[in-house]
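Starting from the known structure of chain A, arrange chain B on it as the hints suggest.
Protein chains: 2
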Amino acid sequence: MSGLTLALAQLNPCVGDIAGNMANVRASVRRAANAGANLVALPEMMTTGYPIEDLALRESFQRAAERAVQKLAADLEADGLGSITVILGTLGVSKSGKPFNQAAVIRHGRVEARYNKHHLPNYGVFDERRIFASGEDRCVLPVHDSTVGIVICEDMWQDGGPVSQMDDATIQLLVVLNGSPFEEGKGHVRRDLAARRARELEAPVAYVNMWGGQDDLVFDGHSFIVGADGRIVASSPGFADDLLLWTLPHADDTAQHGTIAPDTGDDEQVYAAIVTGLRDYVTKNGFHSVVLGVSGGIDSALTATIAADAVGGENVVGVSMPSSHSSEHSRDDAADLAERIGADYRVQPIAQIVAAFQDELALTGVSEENLQARVRGVILMAIANREGHLVIAPGNKSELATGYATIYDAGSIGGFAPLKDVDKSRVWELARWRNRMATARGEIEPIPLNSIDKPPSAELRPGQTDQDSLPPYALLDEVLDAYVEHAEGRAELLARGFDEAVVDRVLSLVDRAEWKRRQYPPGPKVTALAFGRDRRLPITSRWREPQE
Amino acid sequence: MSGLTLALAQLNPCVGDIAGNMANVRASVRRAANAGANLVALPEMMTTGYPIEDLALRESFQRAAERAVQKLAADLEADGLGSITVILGTLGVSKSGKPFNQAAVIRHGRVEARYNKHHLPNYGVFDERRIFASGEDRCVLPVHDSTVGIVICEDMWQDGGPVSQMDDATIQLLVVLNGSPFEEGKGHVRRDLAARRARELEAPVAYVNMWGGQDDLVFDGHSFIVGADGRIVASSPGFADDLLLWTLPHADDTAQHGTIAPDTGDDEQVYAAIVTGLRDYVTKNGFHSVVLGVSGGIDSALTATIAADAVGGENVVGVSMPSSHSSEHSRDDAADLAERIGADYRVQPIAQIVAAFQDELALTGVSEENLQARVRGVILMAIANREGHLVIAPGNKSELATGYATIYDAGSIGGFAPLKDVDKSRVWELARWRNRMATARGEIEPIPLNSIDKPPSAELRPGQTDQDSLPPYALLDEVLDAYVEHAEGRAELLARGFDEAVVDRVLSLVDRAEWKRRQYPPGPKVTALAFGRDRRLPITSRWREPQE
Numbered sequence: 001m002s003g004l005t006l007a008l009a010q011l012n013p014c015v016g017d018i019a020g021n022m023a024n025v026r027a028s029v030r031r032a033a034n035a036g037a038n039l040v041a042l043p044e045m046m047t048t049g050y051p052i053e054d055l056a057l058r059e060s061f062q063r064a065a066e067r068a069v070q071k072l073a074a075d076l077e078a079d080g081l082g083s084i085t086v087i088l089g090t091l092g093v094s095k096s097g098k099p100f101n102q103a104a105v106i107r108h109g110r111v112e113a114r115y116n117k118h119h120l121p122n123y124g125v126f127d128e129r130r131i132f133a134s135g136e137d138r139c140v141l142p143v144h145d146s147t148v149g150i151v152i153c154e155d156m157w158q159d160g161g162p163v164s165q166m167d168d169a170t171i172q173l174l175v176v177l178n179g180s181p182f183e184e185g186k187g188h189v190r191r192d193l194a195a196r197r198a199r200e201l202e203a204p205v206a207y208v209n210m211w212g213g214q215d216d217l218v219f220d221g222h223s224f225i226v227g228a229d230g231r232i233v234a235s236s237p238g239f240a241d242d243l244l245l246w247t248l249p250h251a252d253d254t255a256q257h258g259t260i261a262p263d264t265g266d267d268e269q270v271y272a273a274i275v276t277g278l279r280d281y282v283t284k285n286g287f288h289s290v291v292l293g294v295s296g297g298i299d300s301a302l303t304a305t306i307a308a309d310a311v312g313g314e315n316v317v318g319v320s321m322p323s324s325h326s327s328e329h330s331r332d333d334a335a336d337l338a339e340r341i342g343a344d345y346r347v348q349p350i351a352q353i354v355a356a357f358q359d360e361l362a363l364t365g366v367s368e369e370n371l372q373a374r375v376r377g378v379i380l381m382a383i384a385n386r387e388g389h390l391v392i393a394p395g396n397k398s399e400l401a402t403g404y405a406t407i408y409d410a411g412s413i414g415g416f417a418p419l420k421d422v423d424k425s426r427v428w429e430l431a432r433w434r435n436r437m438a439t440a441r442g443e444i445e446p447i448p449l450n451s452i453d454k455p456p457s458a459e460l461r462p463g464q465t466d467q468d469s470l471p472p473y474a475l476l477d478e479v480l481d482a483y484v485e486h487a488e489g490r491a492e493l494l495a496r497g498f499d500e501a502v503v504d505r506v507l508s509l510v511d512r513a514e515w516k517r518r519q520y521p522p523g524p525k526v527t528a529l530a531f532g533r534d535r536r537l538p539i540t541s542r543w544r545e546p547q548e
Numbered sequence: 001m002s003g004l005t006l007a008l009a010q011l012n013p014c015v016g017d018i019a020g021n022m023a024n025v026r027a028s029v030r031r032a033a034n035a036g037a038n039l040v041a042l043p044e045m046m047t048t049g050y051p052i053e054d055l056a057l058r059e060s061f062q063r064a065a066e067r068a069v070q071k072l073a074a075d076l077e078a079d080g081l082g083s084i085t086v087i088l089g090t091l092g093v094s095k096s097g098k099p100f101n102q103a104a105v106i107r108h109g110r111v112e113a114r115y116n117k118h119h120l121p122n123y124g125v126f127d128e129r130r131i132f133a134s135g136e137d138r139c140v141l142p143v144h145d146s147t148v149g150i151v152i153c154e155d156m157w158q159d160g161g162p163v164s165q166m167d168d169a170t171i172q173l174l175v176v177l178n179g180s181p182f183e184e185g186k187g188h189v190r191r192d193l194a195a196r197r198a199r200e201l202e203a204p205v206a207y208v209n210m211w212g213g214q215d216d217l218v219f220d221g222h223s224f225i226v227g228a229d230g231r232i233v234a235s236s237p238g239f240a241d242d243l244l245l246w247t248l249p250h251a252d253d254t255a256q257h258g259t260i261a262p263d264t265g266d267d268e269q270v271y272a273a274i275v276t277g278l279r280d281y282v283t284k285n286g287f288h289s290v291v292l293g294v295s296g297g298i299d300s301a302l303t304a305t306i307a308a309d310a311v312g313g314e315n316v317v318g319v320s321m322p323s324s325h326s327s328e329h330s331r332d333d334a335a336d337l338a339e340r341i342g343a344d345y346r347v348q349p350i351a352q353i354v355a356a357f358q359d360e361l362a363l364t365g366v367s368e369e370n371l372q373a374r375v376r377g378v379i380l381m382a383i384a385n386r387e388g389h390l391v392i393a394p395g396n397k398s399e400l401a402t403g404y405a406t407i408y409d410a411g412s413i414g415g416f417a418p419l420k421d422v423d424k425s426r427v428w429e430l431a432r433w434r435n436r437m438a439t440a441r442g443e444i445e446p447i448p449l450n451s452i453d454k455p456p457s458a459e460l461r462p463g464q465t466d467q468d469s470l471p472p473y474a475l476l477d478e479v480l481d482a483y484v485e486h487a488e489g490r491a492e493l494l495a496r497g498f499d500e501a502v503v504d505r506v507l508s509l510v511d512r513a514e515w516k517r518r519q520y521p522p523g524p525k526v527t528a529l530a531f532g533r534d535r536r537l538p539i540t541s542r543w544r545e546p547q548e
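As they're listed, the protein sequences go chains A and B.
By the working numbering, the letter at position 125 of the first sequence is numbered 125, and the numbering carries on one by one without gaps.
By the working numbering, the letter at position 487 of the second sequence is numbered 487, and the numbering carries on one by one without gaps.
No wet-lab data here; the hints were simulated from the structure.
Beta carbons are placed, not taken as given, at the ideal position from N, Cα and C, and that holds for glycine.
It is possible that part of the hints are untrue.
To be verified - Quick list of simulated restraints, FRET-style, between CB atoms:
(1) B:Gly97 to A:Ala240: 40 to 46 angstroms
(2) A:Gly185 to B:Ala19: 47 to 53 angstroms
(3) B:Glu314 to A:Pro546: 32 to 38 angstroms
Stated by the list, open to error - Here are the simulated DSBU-like pairs of lysine-lysine, each with C-alpha atoms no more than 30 angstroms apart in a straight line:
(4) B:Lys71 to B:Lys95
(5) A:Lys95 to A:Lys71
(6) A:Lys186 to B:Lys98
(7) A:Lys71 to A:Lys98
(8) B:Lys98 to B:Lys71
(9) A:Lys98 to B:Lys95
(10) A:Lys98 to B:Lys71
Unchecked claim - Chain B is nowhere near these chain A residues, computed Cβ spacing over 10 angstroms in every case:
(11) Asp17
(12) Gly49
(13) Ser60
(14) Ala133
(15) Leu141
(16) His144
(17) Trp157
(18) Arg191
(19) Asp229
(20) Thr264
(21) Val311
(22) Asp336
(23) Ala355
(24) Ala474
(25) Asp481
(26) Pro522
With the rest of the complex left out, here is chain A (with noise of 0.2 angstroms):
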């Protein structure tokens, strides 16, 4: 008999949509056997979509999740691919009502097997000790003429894990289930984990991971199979479907490769996962497009652009909101970027609606600056309401870090705020990546070079620049990298040189802004430290970095 053919299905689950979850599995399962599979592996918690958070405590919930891996075992069945092995993950309960996370494996009509995870991580975005008992057994099971070991992403993770268990059992093939996010650099250290267990196991490993965006987090597939040397022998893109196929050796044989996708680069990768989560907010939670607010400048010329990418130009509203103190070159730029990316475009000054409120309030400096912000959100919630859209955030890292916006302005309102991840530095380098993009396809350059180069503005007072406030964004977002993404302290950010009143002043900002962040919509994570449920600090703190 030949080798066992395996099949990585790379799919998008949508939380808690069960039956349109396994309407893609069945058929996948198809495909695969028609491709001469044996065996068909599909990500960590594909049934329910992932993370399902306290959804996993619902008895309801759980009951759902298992009738739906019966009937799928049925109608597998029923389709004449019983014999194929389909290995899914899904959620399970205990006898005493415990929720596991777990691998369910199906064959002749059956759940044949299961595997509940190990290893369940409690830190950065993650609560599955919350949620989730742990598992203790190992699952290694025969498949066509092979023997296969599984487990799900964590216990891959863990030295001593799972793992290691494997070690005198022979096996010809590890097959492991995941959900793993995005975030930038990610992609090496999966594929160099996964080589070591290669070597250690002396058998081939197969990471299959689910793709698509569940609110703040992005998962971006990128499948792979390495051999038992830990070479890659066939891998899946980045945020799409894919069916990896690929045979093993038999005993001297050298291994064939199947696909390999071609690598991308950091900036295409991060991009990619921001329209994606963008998309699949949108499309996910039923919405068909998108408004914003475009100002000229680079956050919501990316921002838009992003979304056009996503959701189509046409479904894109851009809105100018000019009041007495916006440029003419921002009107301008806004009107350019609307006509390269093909967005709907308004023009909705503020000026009189700012005077009706001024005429009641009187409000100077900073109040009327807020003012002014404030007005254009509620024009944007207005046009959302009326039309139906899905409202965005064009606010960027930096500035929601230092708590720079105004909180309810057109920055900051809406469902989703693509760009909640992403510093200023890195807004300007991905709004360059995607022009040359556009240039290398032979495409219009989206992003007008005018709101790339002119200096940042809020626009909210006559000659105001960001930098009027801040640090120049270079030096800020490297003391903001160290202090929020890498968690060092004062004295360690003094040891590297930076300025200690520019040091006070950002940790000061970081500090004082956390209510600000608490009540942001949304946005991808794809950096090592996200704010959200990546980092978790008190409002209420008088914590101040001592000078120790």
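Coordinates of chain B only, in the frame set by chain A:
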């Protein structure tokens, strides 16, 4: 020698204010010594405040906590109090750098022993497995003429935990340090549990709890001591500093009672919890005054009254913002309320501002209603910006559950939402209770009867009432209690006899409003399950309770 005299120091720490917290500890130890105490017990994480979330992971913060403990030991010795045994909750660190939730025993100018919490709660509002390592050793030590065991909070709750390990240690007293958040009815549960542990150990149990507000949690104090027979021998009041003294009886003596605080009812406790939560949010964040919209309705009337009780009526700004749909009685009721509570009352009509928006946007229907609501939000933020008040949001739990309020309106913007965990039925009950209390004290009833008696209405269109869009509140709140607080599924709700159409409507409203709840300000948890970190659900979810 006379028996061991124990003092429980019930204090209100502030997160991150290590110096301030330790100054309170030092003063309490002096007072306790003056009263003859040999042993002073202080709450869990007294050094740092609680919960500190990811601050626990910062090395600079860990170092500061440890320095403070060492300094306290030296200070007490210098104060001539070195012979007192002080048991203090703090942030410890293992040799390998892992943070512990720790009790430090200070005596003779040094830390004589440390106990690390074994059982780390990782459910409900707690994430302790995220930030702490588990302790493994028990802590039993001689104090004066007795042997004392120490545990921390959750350790007492777990059968088979470190309390059971004390069985063979023949302790004469168990001291439990707590940071136990308030929820209605929890006091009895704590006391019953402590009584059970006392009988198991055949020794008194001293339970010391912190009090005060920290973001969305309120700690209620209510420290107490039960004798070896499980009966209360001393207790502290809720929501106040206290030093509770009690002397252990000699072997065959009957236990003497210490001070016993009078029991208080549930309404009084819930009201005090909300007042404490708001007061501490205001003062710990450096504010002195609050501003809110007062509509003449019950939510804003109760919220304003709570604010007056928290920070003084003279520090409450109530802004009436009538529209063309506002009834005359609404304005009268708002003015009446403000006069009763001594608030700074202002009238800020919105008709001209709404007209300016409408000249540009020509909104109708719900979009027009939402516009009026959001204009009020902008006005409140402007007044707060101009004058430095904290904006508070009067929205209630029923509204938040169903998404009935307009996002970014005057009921849902700002820094703190006192009624966030109080459903509408309870809002009325608390209002009536507060008025009765005023009458009993011979004071003016703060809440106008009209505000209590009239049908609730947002007054965003002529003749509107809440019941045009929602089931009657008495019914709605029953369904919400079952679905949200008790996490029952659709099948369970129907089995309770609720009407199917009502159930489906309420579940759909709740499920679709998650995105609004994520952007809501924090508010004090007073029930068994509050929105926020107590109930973590995805925004993007196609899960709908099935017809099983």
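*Violated constraints from the hint list, given by number and in increasing order*: Hints 2, 9, 10, 11, 12, 13, 23 and 26 are the ones this structure does not satisfy, whereas the remaining hints hold.
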